[in-house]
Amino acid sequence: MALNMIELESVSKKFCEQLVLADVSMTVKEGEIVGLLGPNGSGKTTMIRLMNGVINPTSGQLSVNGLNPQHDGDELRKNCGILTENAGLYHEMSGMDNLIFFAKLYGHYDKNQIANLLDEFELAEHKHKKVGTYSTGMKRRLGIIKAILHKPRILFLDEPTNGLDPEGIKLVLKFIKELNEREGTTIFLCSHILHQLENICEQYLFLNDGKIIESGTLTELQTKHVSRIQLKVVTNLEPEEDHWADYPVIKKGKNTLQFTLPSRDHISPLLEKIIRKSWIHHVEIENNDLESIYFRVRGGRDE
Amino acid sequence: MNNKLIWLIASKDIKAITSSTQVWLGLVLLPFIFSVIFPLVFILLIKNFPLSSPELTDLVNNVLNGLKEANSGGLINSLPSMKHQIIYVVVNYLLGSIFLLIPSLNAMMISLHSFVGEKERRTLETLLFSPITVKELFIGKVLAAFIPSIAITWVSFFLFGLITISMTYEMFGFLIFPNANWLILMLWVAPMITILTILVNVFVSARSKGFQEAQQLGGILILPIMGLFIGQATGFLIINPMLLTLIGVVISLINFILLKVMTKYNDRNTLFEKQI
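First to last, the sequence lines map onto chains A and B.
Sequential numbering of the first sequence, starting at 0, is according to numbering that gives the first Met the number 0.
Sequential numbering of the second sequence, starting at 0, is according to numbering that gives the first Met the number 0.
The calculated DSSO-like cross-link candidates involving lysine-lysine, where the alpha carbons are at most 30 Å apart (straight line), are: (1) B:11 to B:273; (2) A:103 to B:259; (3) A:129 to B:11; (4) B:14 to A:103; (5) B:259 to B:3; (6) B:3 to A:129; (7) A:13 to B:263; (8) B:14 to A:128; (9) B:273 to A:129; (10) A:103 to B:11; (11) A:150 to B:14; (12) B:3 to B:273; (13) A:77 to B:273; (14) A:169 to A:126; (15) B:134 to A:77; (16) A:176 to A:103; (17) A:77 to B:3; (18) A:272 to A:250; (19) A:103 to A:126; (20) A:110 to A:126; (21) A:250 to A:276; (22) A:77 to B:11; (23) A:77 to B:259; (24) A:110 to A:169; (25) A:13 to B:259; (26) B:273 to A:210; (27) B:263 to A:77; (28) A:173 to A:129.
In short, the hints are calculated from the structure, not lab data.
Just chain B, with the same shape it has in the complex (with noise of 0.2 Å):
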């Protein structure tokens, strides 16, 4: 395997997107909202404003009852007010499971737009006639989209948390952020999620004709992560640290087995006959 033309193919790609003020700021919207609008408006609206809201105090009330016999409920119970409570709920349990929106949506625009982009302009056709390798080719790809879409991420990550702490520490005493289950959220379930977004959304508009019917099936890889936030938002199925591990390994297995489907569907013929 060649790194060199791997690496083309990837810093070829990340230049596309960073040279393209459309896209790149289509890519950071999102990331800006949930990582700096949306926390300041909600801890400051929260801090300085009298709690009316009774689905707030529901939404903390569905965690602890989720939280039952860990440790963590007890940490909640023993914080000294309901609006406390309704920030470190919100900042720890459902914002942790929104986050990873991040990295999926921004790799599936990406990814969906690496090959079926390259078939739209016709150059996937050069790149195919070319001595790179289809290996090569799709490693290149999902390089291109995890690089950009995990870098996103971490800087909203931080950027999260920079705010969240600046705004909370006073008032709590202590780091409410960041805990076990983020950093297990940002170093280990981000990146497989991404790399699971990226494998489903190349391999599918490596055979898809055109744009809308990938996206449409490649879609489909953000239904699980809003069962993840409502699992939050109703106490069904609340993260913890050995949870967030699982769900890691189960994708990473699953990233493992699509990667050695890529590899045997999607040679040179198949690829080329699908986009003629």
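Chain A with its partners taken away, still in its complex shape (with noise of 0.2 Å):
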């Protein structure tokens, strides 16, 4: 069985008398990737600097990697990679001078890694420019190899697909789910753009004002917030009336439609009937993803 990578318990961070985490407790297991999610300004940051030590907590526990990161600190950051919201390059010097910078910085030299890092992340021919000639998405590209240059056994990313094209995204994404598969490497995310960490994450968090409001895999946080399935169908059936079949239906455009379903074993049974009439190009769940069970969590909050 996986040993707990990371524990809080109960741990509280206050900024003079703003209270920036309240009370969060949580595991993530060794070779998980989870995903840290909330809006801007719900505390996300807080818990990643808290976790490499870098701020005291103002009361509860925290164990990385079985050790304390407020009184072990120094020895706990040897083996934790880390990208910041900004990605902490030195826009005066070259990409690779970066690199060779942090490496020596983490007592993890290797010009062959480097090369090869800097040819996966598509750099290699901007590895002399300054960084401060580099685009966003370039930066954060950098950010990434820099934060796992001396393979780390965690990894904190903080927002790392911001700034990026839809290559970049991919490219990014792509590359932690095979570092995690890789090297078993534990990686902590945070986001606030849903979807894309939808085929990534194992466990998700949701936080929300500096508390954590929902936990779990995907399948769990289907199972307990989606009651009842909206599935939308691209179709020439032309309902007359608002239920067919006997389950409810709505026309969203022309040929689609969406139906409402009491779980997901009456999905087969509708797309029988319905492809005896007519034909089907696209179906969809839409409120069983992320996304929806985050705005559903968060609602039922507000609410």
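Put the complex together from the two separate chains, hints included.
Here it is in structure tokens:
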């Protein structure tokens, strides 16, 4: 059974009198990819800072890789990689010089590894340019290389896809997944762009106003929060009433219908009935993706 | 303590200084004026033009009054002309104290940038997330300001000496430079003042959020140097080897206390929270 790589128990953090994290408890197992989701200002970055021991909790207990971040921070940070929201690179230095500097800072300078990563992240031809001349996406990719140079056991990524173009997002997400599979790296991701994380994380934590309001795997969250299925069907079926085959239906556009079903089990029987009369070009469950669940959970809180 | 990490931080900062023409020009301009332009122009003027300024004569008299009891007073009095006396007094008394501005101003500029610059570029956050200890980070930053400042000071001292000696040896018939005052200033007081300036500025810049705030606080250190200069010009406090050694000892004590306070009050948590 996998060990707990990160454990937080009733952790709170105040800045002056402002409560930023309130009584947060959670665990992350070794080798997991965990997504911390929440709006801006919900406390995601503060959690990462606490777990790296660069700020101290006001109360509560933390353990990361079996160490207390507050007291064994320097030892802990040797095994942690981090991409901060601002990539934290030296703009007056070249991409290559930045990587050499950070590799040495973590005591893990390997020129071949740097060259391979620059290739993998499509930055090899820009390695001698000053980072100040890089685009936002290039800085982000270089920041990710910087975070993994020393082969950390835990990787913290704060908004890793910010500023990336679609190709960059795909490249980074694919890399994260492969790194986790190849090296067994525990990855803790923060983001507010939810659909990007849907196929990446094994566990999700929803953070709101400094509190974890929900957590679990996608399946667990779906079971808990999706009681009725909204099924989008692109078909030439034209129901004349607001029910078809006993299911409520709404016309959403030309050749697009939305059915409301009591559970997933009703999908196949419904589609069989439609296909007997009409064609079907596309079928999609609309309300069980991460984003819908997130808004439902947050909506519930607001109410 | 990991010396490799300390040197890594120091060499990164030094490289940043030397690779930016704008920065290193700013650092060498004042020393160049003090050590090359000023002695050249001053000695040439005094040597070649008739003296008509009563202020310069007053200046020599002020220094002579301050040196009543000392051997150097007799030496100045024994010089053959007022021109000789003026050159000797300016070279050995006035310029000595004002020369301290070179390490002080340079160390201030470099060390102010060291933390405030990292904060403004948001790179201090990355450094604090790395396994370097705060002590190693501080020492690296202090070295990064100390090495260029003291190197520029010593090169300036050498150039100043070269120009002064080559222009005055024939006139005086002996080496008027360097004397014990200069050697103690350069080898003992200047390094101590440089370290003091750096410690104060690193301390201030680590805890302040912006460059201007840090600059105002850090700039206060220039005042004692100006005081020492005024002391020479008015004859109120004339430098001598004993006084300079004592000044160096006092500054080294202040440095020691500052270092203790710095490591006590600037833990990672404080540094981090001061920048967010």
